[in-house]
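Student: Listed below are the residues making up each chain.
Number of protein chains: 2
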Amino acid sequence: MKVSSKNDSRENILSAATRLFHLQGYHATGLNQILKESGAPKGSLYYHFPNGKEQLAIEAVKRMDVLIKSDIVCSLEKYENAVESIQIHVQKIAADFTNDEKLECVPIGILVAETAQMSELIRETCKTAVEGWEELYSSKLIKNGFEPEIARKLGVTINSMIEGAVTRSLINKDSQPLQLVAECIPLLLKK
Amino acid sequence: MKVSSKNDSRENILSAATRLFHLQGYHATGLNQILKESGAPKGSLYYHFPNGKEQLAIEAVKRMDVLIKSDIVCSLEKYENAVESIQIHVQKIAADFTNDEKLECVPIGILVAETAQMSELIRETCKTAVEGWEELYSSKLIKNGFEPEIARKLGVTINSMIEGAVTRSLINKDSQPLQLVAECIPLLLKK
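Protein sequences appear in the order of chains W and G.
The first sequence begins at 0 in numbering that gives the first Met the number 0 and counts up by one.
The second sequence begins at 0 in numbering that gives the first Met the number 0 and counts up by one.
Think of the hints as simulated: they come from the structure by calculation, not from any bench.
Treat the hints with care, as some may be off.
[Claimed, not checked] Under the rule of at most 30 Å between Cα atoms (straight-line distance), these lysine-lysine pairs were calculated in the DSSO-like manner: (1) K190(G) with K189(W); (2) K77(G) with K189(W); (3) K5(W) with K77(W).
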């Protein structure tokens, strides 16, 4: 019973931290707010996360990474054709963006860059995550007959386009920039 | 003499604010730090900027916008060929990125997205700035014979690619992602 309640506290703190970092960004989120939203007892934050905010950020990035990777894989597996599946993935992000809740969210790329400047450990975690997303796009392109070297460059470019377009849609307060970028995917991937 | 010193205070506060927002981001920068770095007298911040941090952010974005626009125009005017000039522009950003000082800077897109969620006035200022950059790319493409509708989409896409690649280079702590994206520009703009 005691073990389970300890695990609950850890999970509640990490959930609250991930949600708040994603909603407000890293700097705007304080440890007190995380603790309050988690409902966990006061001493438990440093008990479970002895390195405090840095450790919470690392765990939060890892958690977001799992969700993002699963979204990418889900889109890429839907169609054999790389161009079509990557385009549909961007259209899906655009469709998600019209949810009011998403409009309030900090794009992962921003959270990543905001925190990457503060700690080498956070930066390394972010780098591993983003490289994984790029790798998924590259592999899909290689399977579709692209040269590995070009596929690697395109993986970085596609991911950058998406991150930039999410930021741009946030500025626009609508999904139009993401939709326009989705329409340009076939131009970029024309053989 | 009095007028000139008043203008100096205003200019010093705005310079310090622009520099600090660009180095640390919006949330991480406090009014006290801006005032301290500016060397301006304590009362002068709210005298010159009655709306405080929001007003400073708006003026800082406008100031960065002028610099970024002039960089884009400078690159685009260098070569008649749109593909070549846009590619060289991204390579120039990559070269700038290897400066140690740039490595510490918050990409404008991040600053923009970080602040755009806090105030409609800041968001509108950011939107106008970014639309101006996209417009410069689109116009260059139209001059090179691209259809206006496609040129508009490509303008948004090119700008998103660049913003995403700056963020990605920050995570990498080197300019390689920007260089890879520069290499993909001819693929995107192949007619």
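Student: What hints, given by number in increasing order, does this structure fail?
Tutor: Number 3 only.
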